[in-house]
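K.L.:
As a plain string of letters, each chain reads:
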Amino acid sequence: MTLEEIAARLGGRVVGDAATRIRQVGSLESAAAGEITFLSSPKHRSKLAATAASAVIVSEEAESLTSLPRIVCQSPYLYFARVSQLFNPLIAQEAGVHPTAVISSKAKVAKSASIGPGCVVGDDVTIGEGSCLYPRVVVYAGCSLGARVVLHSGVVIGADGFGIAQDEAGRWVKIPQIGAVRIGDDVEIGANTTIDRGALDDTLIEEGVKLDNQIQIGHNCRVGAHTAMAGCVAVAGSADIGRHCTIGAASVILGHLRLADHVHVSAGTVISRSIHKPGTYTGMFPFDDNASWAKNTALVRHLAELAARVRALEEEIKNG
Amino acid sequence: MTLEEIAARLGGRVVGDAATRIRQVGSLESAAAGEITFLSSPKHRSKLAATAASAVIVSEEAESLTSLPRIVCQSPYLYFARVSQLFNPLIAQEAGVHPTAVISSKAKVAKSASIGPGCVVGDDVTIGEGSCLYPRVVVYAGCSLGARVVLHSGVVIGADGFGIAQDEAGRWVKIPQIGAVRIGDDVEIGANTTIDRGALDDTLIEEGVKLDNQIQIGHNCRVGAHTAMAGCVAVAGSADIGRHCTIGAASVILGHLRLADHVHVSAGTVISRSIHKPGTYTGMFPFDDNASWAKNTALVRHLAELAARVRALEEEIKNG
Amino acid sequence: MTLEEIAARLGGRVVGDAATRIRQVGSLESAAAGEITFLSSPKHRSKLAATAASAVIVSEEAESLTSLPRIVCQSPYLYFARVSQLFNPLIAQEAGVHPTAVISSKAKVAKSASIGPGCVVGDDVTIGEGSCLYPRVVVYAGCSLGARVVLHSGVVIGADGFGIAQDEAGRWVKIPQIGAVRIGDDVEIGANTTIDRGALDDTLIEEGVKLDNQIQIGHNCRVGAHTAMAGCVAVAGSADIGRHCTIGAASVILGHLRLADHVHVSAGTVISRSIHKPGTYTGMFPFDDNASWAKNTALVRHLAELAARVRALEEEIKNG
Chain A
2 MTLEEIAARL GGRVVGDAAT RIRQVGSLES AAAGEITFLS SPKHRSKLAA
52 TAASAVIVSE EAESLTSLPR IVCQSPYLYF ARVSQLFNPL IAQEAGVHPT
102 AVISSKAKVA KSASIGPGCV VGDDVTIGEG SCLYPRVVVY AGCSLGARVV
152 LHSGVVIGAD GFGIAQDEAG RWVKIPQIGA VRIGDDVEIG ANTTIDRGAL
202 DDTLIEEGVK LDNQIQIGHN CRVGAHTAMA GCVAVAGSAD IGRHCTIGAA
252 SVILGHLRLA DHVHVSAGTV ISRSIHKPGT YTGMFPFDDN ASWAKNTALV
302 RHLAELAARV RALEEEIKNG
Chain B
2 MTLEEIAARL GGRVVGDAAT RIRQVGSLES AAAGEITFLS SPKHRSKLAA
52 TAASAVIVSE EAESLTSLPR IVCQSPYLYF ARVSQLFNPL IAQEAGVHPT
102 AVISSKAKVA KSASIGPGCV VGDDVTIGEG SCLYPRVVVY AGCSLGARVV
152 LHSGVVIGAD GFGIAQDEAG RWVKIPQIGA VRIGDDVEIG ANTTIDRGAL
202 DDTLIEEGVK LDNQIQIGHN CRVGAHTAMA GCVAVAGSAD IGRHCTIGAA
252 SVILGHLRLA DHVHVSAGTV ISRSIHKPGT YTGMFPFDDN ASWAKNTALV
302 RHLAELAARV RALEEEIKNG
Chain C
2 MTLEEIAARL GGRVVGDAAT RIRQVGSLES AAAGEITFLS SPKHRSKLAA
52 TAASAVIVSE EAESLTSLPR IVCQSPYLYF ARVSQLFNPL IAQEAGVHPT
102 AVISSKAKVA KSASIGPGCV VGDDVTIGEG SCLYPRVVVY AGCSLGARVV
152 LHSGVVIGAD GFGIAQDEAG RWVKIPQIGA VRIGDDVEIG ANTTIDRGAL
202 DDTLIEEGVK LDNQIQIGHN CRVGAHTAMA GCVAVAGSAD IGRHCTIGAA
252 SVILGHLRLA DHVHVSAGTV ISRSIHKPGT YTGMFPFDDN ASWAKNTALV
302 RHLAELAARV RALEEEIKNG
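Chains as they are written, first to last, in the numbering used here: chain A, 2 to 321; chain B, 2 to 321; chain C, 2 to 321.
In isolation and in its complexed conformation, chain A is listed as follows (with noise of 0.2 Å):
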């Protein structure tokens, strides 16, 4: 494919001899020839003068940086991750049942779905048109997936959520779990990721959600459209989080609490209360060399104490 023909299809300007020839997609540092690559930031200049590339895809303000063939367009990462899919069509598995899944007669899956090697599917699951289950995928009675959701291996769908009561004597008490998860269209999750079924009313996991690896969704949770996790992140009970939020790596929700749209939680974080207003939310404990941490971190457990030697000097000082 040349970048002429590319630019036809995804739109951008091309610059510089638009018959190069592409076949595939490559990072600055490995592209080789025939390869298209892309720069998402001008602090890679130095790589973008170094590659092997044929092509590449920059912003309006890169557009100079570079003397090879180039496309320019608003957002190279997103004109990238087309381009990619032009080469690289995302149908990883056959449309069908692998013979050592094992699937509820009582399921309905959309005949243009795949179903790998190994999945368990139980009864009355719904799985819309052209899905994807990757080997070793669970997904528990009653729970509906809709169309083209891709679930990577070792995700579990609607196991009970964690739902108990203490009797007198401290003994747990299992609360039934007799909600579902509803997952909407076009939703991905990531390899050992866990989504339970609700307690009483169903798990939401709406359209356009992207979870990744072993995230943990707990029993009526509703995740917004369009919202995106990084790996590890737990998610407590009967959280609601919005739509088109992003949440950082290993980050925790506790439960009962809401998240509006369009909120960002950085990697690390414990949320611990509701979050009204859109914006970025941050919550890491800073690292130090282990002297340096030992030192401060133990006076961490005595700020109110400092706090009030700070209030007994201004005191002092102001009665004279």
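These are calculated hints, taken from the structure and not from any lab test.
Since we're looking at a predicted model, the values are computed, not measured.
Please note that a few of the clues may not be correct.
What the hints assert, rightly or not - Stretch-level coverage of chain C by chain A, calculated; a stretch enters the list once three of its residues show a Cβ under 8 Å from a Cβ in chain A:
id	stretch
1	155-165
2	194-201
3	207-219
4	224-230
5	257-271
6	285-294
7	309-319
As the list claims (entries may be wrong) - Away from chain C, derived, C-beta distances all over 12 Å, residues of chain A:
id	residue
8	6
9	111
10	130
11	169
Said to hold, decoys possible - Label pairs and their in silico Cβ distance ranges:
id	chain 1	residue 1	chain 2	residue 2	range
12	C	292	B	299	26 to 32 Å
13	C	318	A	61	52 to 58 Å
14	A	44	B	172	56 to 62 Å
Just so you know, even glycine gets a beta-carbon here, dropped at the ideal spot from N, CA and C.
Given the structure of chain A, go ahead and fit chains B and C onto it with the hints provided.
P.N.:
Structure of chains B and C alone, referenced to chain A:
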């Protein structure tokens, strides 16, 4: 079932029409006619006013908050758990071994146990009466499960503990993990949780323990009876956790330490030394909007300096 | 095997009856007659006094702490690992492919490798000599494993990395993940750990790396040779981790940063920027009883104010 029949089985006092017929449980928000709901806290009283449920479970204090037919009892949440069990019996899979499960001929599986599709049960494993392994559970050789143990999909019991010693060249030499995992009666373990076998002695999960999803229990740990852990908790090797503890989501318990009975750890907390007194312990770093966080967190790394400056001021004022 | 025979194979100096017969290893607390145990630190000397073991492995310094037959050596823990390997050979599964495993006809699996029940191995995968996949491991297409690689149950190698770009409407466009995962010789990976394939280039796990359970390694990471990570570590995309590092349980390594060789990260630490110097780094928030925590932690969010007040006091005193 009428309210009268429910109270005859489970106790409590009926107020209003005792002949009210109930066929299912529901949440305050979405219960329909024929359903019973519960009020766990007076702060939900506005939802109570709007509920379409036919009856409510309430505490003595909340008895007058509704005119709906109701059951008055000490612990509405616990009562609700028991009512829900009446309407939703917990056995989710038939007894017997699914034909796609791979069970060692040297394993002893109770006839009343249920082993789901794709499970793998190793040599010399014991699985007690009425236990239920959901699809795709693995139990490594030599481990034992008591009666009525429930393991959700993706659980791995008895993989090798992380025991390695460094040689002179900095390479890791594996320490064979020759202990096993012993799980008591009435334990339930959530999806994709892993419990490692002991290095020498066994890893112990005592009766009535409830573990949520994606928890990791290291080798040689003991989790005391009736302790409950929320999702994504990490427990390092040889931790000894008491009875009737609760551990919040995504907390970390470091290795070789001891938690007394009735210790409660909040979510997102790293427990780095033993706790000998019952109580609630917390170590969550407070989140904030990103700009405030950046400003304050930088100072955490200079707390020792700040404390020194306060001390200097105190000296200066004292001296003069 | 006698102590003399053990020392002939593994080195060390026998003190006491060299003909003492040993048939297994055990812990200080629970070793029985016929077992050999070890003393890793003098702080366990009281347990040593009470042990029922027939022999002990000790360091030069601890030689005189017991009158039991003993082997004196430089590193008792390492020595113990080797003794345990003598009595407990590490091969846990027979060579060959279990009939329930699903192996692509295009995969190359060494004859001496062992592939457990329910494993799924994709197209063009290479698995080296003596490698062992425990039950229910998935290796996606195109990934390669060296010799003597051990993957525990539930491991997923080569699922798609989390590469998404946002379009003008805030929807996510997937970036095809066309790299693979390459794993070196003598790597061991714990249960339910996931390692994502590269976006463009490969994700690299170098020889001798040891990963515990439930670790997540993002796309395009490199984990340097002989690095070890404890359970539940999250490593975001494109992190480049050096050789001979150790990463404590539940730590988080953010993306696109670099850790030098011989960096040691404590448990529960978020690494948010590159580390260029070997050493130990920590960022654990200190836990406390809940009331003390609440009091002190509120002040963390007002540290900048506190620092400003201290500065004001300093000014005031200087000027007056």
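K.L.:
Determine for every hint whether it applies to the structure shown.
P.N.:
Verification of the supplied hints:
Against chain A, the stretch 155-165 of chain C contributes 7 residues with a C-beta closer than 8 Å to a partner C-beta. That satisfies the three-residue criterion, and the hint holds. By the rule of at least three residues with a Cβ nearer than 8 Å to a Cβ of chain A, the coverage given for the stretch 194-201 of chain C holds, with 4 such residues. Beta-carbon proximity to chain A at under 8 Å applies to 3 residues in the stretch 207-219 of chain C; the threshold of 3 is reached and the given coverage holds. Note: the stretch 224-230 of chain C has 0 residues with beta-carbon separation from chain A under 8 Å; the three-residue rule is not met and the coverage is violated.
Residues of the stretch 257-271 of chain C lying with their CB closer than 8 Å to a CB of chain A number 4, which satisfies the three-residue condition for coverage. A stretch counts as covered by a chain when three or more of its residues have a beta carbon under 8 Å from one of that chain; for the stretch 285-294 of chain C and chain A the count is 5, and the coverage holds. Only residues whose C-beta sits within less than 8 Å of a C-beta in chain A count toward coverage, and the stretch 309-319 of chain C has 5 of them, enough to reach three; the restraint holds. Remark: the non-interface label on residue 6 of chain A is consistent with the geometry, its nearest Cβ contact in chain C lying 19 Å away (cut-off 12 Å).
The beta carbon of residue 111 of chain A is kept farther than 12 Å from every beta carbon of chain C, the shortest such distance being approximately 20 Å. Interface exclusion of residue 130 of chain A from chain C stands, the closest Cβ pair being 17 Å apart, more than 12 Å. Against chain C, the non-interface label of residue 169 of chain A holds: every CB pair exceeds 12 Å, the least being about 24 Å. Under the hint 26 to 32 Å, the C-beta atoms of residue 292 of chain C and residue 299 of chain B, about 27 Å apart, fit the expected range.
Hint check: residue 318 of chain C to residue 61 of chain A, Cβ distance near 55 Å, so the stated range 52 to 58 Å holds. Distance hint check: the CB atoms of residue 44 of chain A and residue 172 of chain B are about 38 Å apart, inconsistent with the given range 56 to 62 Å.
Taken one by one, the earlier hints fail for this structure at numbers 4 and 14, listed in ascending order.
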